[in-house]
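A.B. asks: Input sequences plus hints: build the corresponding full structure.
Protein chains in written order, with this note's numbering: chain A, 1 to 346; chain B, 1 to 96; chain C, 1 to 109; chain D, 1 to 101.
Keep in mind that the hints were calculated from the coordinates and are not lab data.
Predicted model, so just to flag it, every value in this text is computed and none were measured.
Every residue, glycine too, gets a C-beta built ideally from N, C-alpha and C.
Heads up, a few of these hints could be off.
Covered, in the sense of this in silico footprint (three residues per stretch, anywhere, with C-beta under 8 Å from a C-beta of chain D), are these stretches of chain B [stated by the list, open to error]:
1. 9-20
2. 23-32
3. 35-47
4. 56-69
Chain C side only, calculated, beta carbon under 7 Å to chain A, not exhaustive [claimed, not checked]:
5. Leu13
6. Ala17
7. Leu36
8. Val38
9. Thr41
10. Ala65
11. Ile71
12. Val73
13. Ser76
The primary structure of each chain is shown beneath.
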Amino acid sequence: MDAAGTGIIDLLLGILMVLLAGASLLLQQLFRSVMAFIGLGLVVAVAWARLGAVDIALAEAMIGSGITGALLLASLSRMARYEGKKSVDPDARAAGAASNRPGNEGRAGPKGIRWRGVTAAAVLVAAMALVFENVFPLPAPDGGIPDLVIRNLPASGVSNPVTAVLLNFRAYDTLLEIGVVLLAVLGMRAVGSHPQFDRSSHPEVVLAGFYRLVLPVLILFSAYMVWVGAKDPGGAFQAAALLAAGGIIGWMTGTNPLARGLPDTGLRMMVSAGFAVFLSLGVLFWIQSGMFLAFAPVTAGWSILAIEVLATISIALSLFVLFLGSSGYPPSARGIGPVPADREGG
Amino acid sequence: MTAVYWGASTVLLVTVAVGLWRFFSGPTAADRLMVTQLFGTTGVAICLLLSAALGNAAILDVALALALLAVVTTAAFTRFYWSGPSRPSDRRERDD
Amino acid sequence: MIDISTGYAAMGLLLFAMGLLGLVLGRHPVRKILALNVMGTGTFLFLVAGAARYGLANPDPIPHAMVLTGIVVAVSATALGLALAGRIHPSRADTDASTPPEESGHGLD
Amino acid sequence: MIDWISALFLVFAALFFIGGSVGLLRFPDVYSRLHALTKADNIGLGFIVLALLIQARSWDWALKLLLVWIFVMAASATNAYLIARTALRKDIPVWTPPEQE
Numbered sequence: 001m002d003a004a005g006t007g008i009i010d011l012l013l014g015i016l017m018v019l020l021a022g023a024s025l026l027l028q029q030l031f032r033s034v035m036a037f038i039g040l041g042l043v044v045a046v047a048w049a050r051l052g053a054v055d056i057a058l059a060e061a062m063i064g065s066g067i068t069g070a071l072l073l074a075s076l077s078r079m080a081r082y083e084g085k086k087s088v089d090p091d092a093r094a095a096g097a098a099s100n101r102p103g104n105e106g107r108a109g110p111k112g113i114r115w116r117g118v119t120a121a122a123v124l125v126a127a128m129a130l131v132f133e134n135v136f137p138l139p140a141p142d143g144g145i146p147d148l149v150i151r152n153l154p155a156s157g158v159s160n161p162v163t164a165v166l167l168n169f170r171a172y173d174t175l176l177e178i179g180v181v182l183l184a185v186l187g188m189r190a191v192g193s194h195p196q197f198d199r200s201s202h203p204e205v206v207l208a209g210f211y212r213l214v215l216p217v218l219i220l221f222s223a224y225m226v227w228v229g230a231k232d233p234g235g236a237f238q239a240a241a242l243l244a245a246g247g248i249i250g251w252m253t254g255t256n257p258l259a260r261g262l263p264d265t266g267l268r269m270m271v272s273a274g275f276a277v278f279l280s281l282g283v284l285f286w287i288q289s290g291m292f293l294a295f296a297p298v299t300a301g302w303s304i305l306a307i308e309v310l311a312t313i314s315i316a317l318s319l320f321v322l323f324l325g326s327s328g329y330p331p332s333a334r335g336i337g338p339v340p341a342d343r344e345g346g
Numbered sequence: 001m002t003a004v005y006w007g008a009s010t011v012l013l014v015t016v017a018v019g020l021w022r023f024f025s026g027p028t029a030a031d032r033l034m035v036t037q038l039f040g041t042t043g044v045a046i047c048l049l050l051s052a053a054l055g056n057a058a059i060l061d062v063a064l065a066l067a068l069l070a071v072v073t074t075a076a077f078t079r080f081y082w083s084g085p086s087r088p089s090d091r092r093e094r095d096d
Numbered sequence: 001m002i003d004i005s006t007g008y009a010a011m012g013l014l015l016f017a018m019g020l021l022g023l024v025l026g027r028h029p030v031r032k033i034l035a036l037n038v039m040g041t042g043t044f045l046f047l048v049a050g051a052a053r054y055g056l057a058n059p060d061p062i063p064h065a066m067v068l069t070g071i072v073v074a075v076s077a078t079a080l081g082l083a084l085a086g087r088i089h090p091s092r093a094d095t096d097a098s099t100p101p102e103e104s105g106h107g108l109d
Numbered sequence: 001m002i003d004w005i006s007a008l009f010l011v012f013a014a015l016f017f018i019g020g021s022v023g024l025l026r027f028p029d030v031y032s033r034l035h036a037l038t039k040a041d042n043i044g045l046g047f048i049v050l051a052l053l054i055q056a057r058s059w060d061w062a063l064k065l066l067l068v069w070i071f072v073m074a075a076s077a078t079n080a081y082l083i084a085r086t087a088l089r090k091d092i093p094v095w096t097p098p099e100q101e
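C.D. replies: Structure, rendered in structure tokens:
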């Protein structure tokens with residue numbers, strides 16, 4: 001297996017990716033599409049590892065299998081339940097619109113699909129032609145940018161080039177990215193309330209047992225990710241995704257301490273802490289050195305670690321709140337999470 | 001030894017591709033879920049092999065993450081999607 | 001044997017195109033969100049394939065960092081989109097019942 | 001020598017993964033397919049971990065391999081329980097052998 005050329009592995013990965021992407025777009029029942037999309041995430045995680053992008057493989061594995069799947073399944077179930085209920089709900093007047101099977105989309109009308117299909121295919125052919133004309137074959141690498149990163153790595157405070165780019169050389173990208181996550185949480189506070197959620201009346205004893213086994217490892221793994229991110233693949237995003245996934249598992253068992261409610265002020269402070277500290281450190285160095293986010297080489301390592309720790313907490317809570325907001329519970333003043341765990345059935 | 005690792009990964013990817021048949025034929029939603037479980041486990045196995053083949057210990061962390069979080073999708077499925085009373089559609093071809 | 005970065009870049013373009021078609025042709029909001037995510041995956045593949053031109057052992061870290069932020073933004077946007085879809089969806093029940101869904105043209109499907 | 005043992009373990013692993021896939025395709029109901037799937041999880045992955053363990057370059061490498069195996073087993077047991085219980089609750093039929101004439 002030659003590292004510079006494609007092999008059977010790449011061919012198989014490609015076939016799987018196309019099949020699963022096609023399935024997630026074409027299958028008429030949305031549940032099947034969602035399952036295909038979850039499978040696509042797993043295949044893509046392997047592809048990242050194969051392409052030497054281990055940082056991305058970690059993030060994809062954690063977010064894809066820990067958050068996206070649960071998010072999609074929970075939202076889809078809520079919508080399906082709502083659509084199923086619509087015909088018997090006296091407030092919903094339009095039984096006609098409920099002709100779709102719950103959770104599925106009906107067939108598009110022949111007229112709509114033809115016009116949209118023609119337009120889309122035309123745009124697509126033009127775009128693909130442009131891309132093939134201008135981008136293929138990819139230009140030969142000049143070695144300039146990676147060399148620049150490697151040369152300046154000692155001044156960045158960390159030795160993992162991806163972390164150096166993320167939190168030092170292009171720190172404004174990451175600052176704005178944390179800002180976008182914060183904005184999503186703000187948006188979720190506005191629209192993400194949909195309080196009906198049929199809690200299963202059965203206690204999840206086995207899942208709770210697994211949760212007790214896995215939670216310490218998740219927390220340890222997450223701390224390890226933050227720490228190791230300075231020199232090896234890992235970092236705040238991966239750590240945050242692990243913690244958020246732990247929160248989601250715990251919430252599904254009904255025994256999550258967070259589920260008993262977190263004071264709203266505390267929640268707000270913790271969700272925005274990462275962005276706030278990142279921004280203030282950036283301004284601090286602006287005053288000191290005249291350049292926004294220009295970390296001094298001496299203190300860069302510690303600044304980055306401080307930002308990463310707080311960003312981990314903020315992003316983890318944000319992802320958890322986003323999951324709850326889109327899967328049935330409003331992150332409202334009552335605190336996040338469901339009412340205390342169901343007790344019936346012992 | 002590296003060639004053996006690559007060969008084993010290829011075989012595993014083929015088994016996954018074959019398992020995809022169960023995804024398209026169903027019949028119940030749980031069958032489709034099981035195919036994604038197979039993807040997850042095989043993904044763990046391939047990551048282990050890749051880490052040995054490329055000599056990159058960090059890929060082991062990817063495998064560990066996949067292993068630790070394998071339960072999330074199943075739990076969400078049973079907790080949200082397949083919660084509630086039994087419907088005739090659960091047992092038939094259509095798995096909505 | 002195709003060069004590895006060209007191969008994965010072509011795969012990324014293909015996924016992007018498939019996602020774009022799905023986005024335009026899909027009717028259900030969840031389908032559109034899935035399609036957007038497929039487009040995102042295609043974009044990420046293209047970027048990482050570009051980074052792999054410098055070799056798999058030490059690829060260009062800048063696209064990697066961009067894709068990493070992209071993945072987190074994508075999952076946040078997906079969550080917000082699903083919440084919005086959940087809010088749009090019930091309101092579709094309030095549109096005129098006499099109009100079949102494919103002709104009502106409310107732009108939300 | 002060690003390489004040959006590793007390769008042998010990898011062959012066993014591949015056999016169990018192939019068996020898992022074939023079982024997933026051929027077995028008649030959800031419960032038996034679940035059995036095939038978890039065999040691939042536990043024993044197939046176990047053999048891969050064994051094959052790599054005897055090749056491990058350092059102790060932390062070996063420790064991570066063992067952790068992966070332990071958690072895959074724990075997760076697949078939990079998953080199998082969750083799926084089987086929910087399927088039973090959903091009255092998914094259990095396959096019974098056809099009557100002998």
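A.B. asks: For a quick check of understanding: which of the numbered hints are violated here, in increasing order?
C.D. replies: 7
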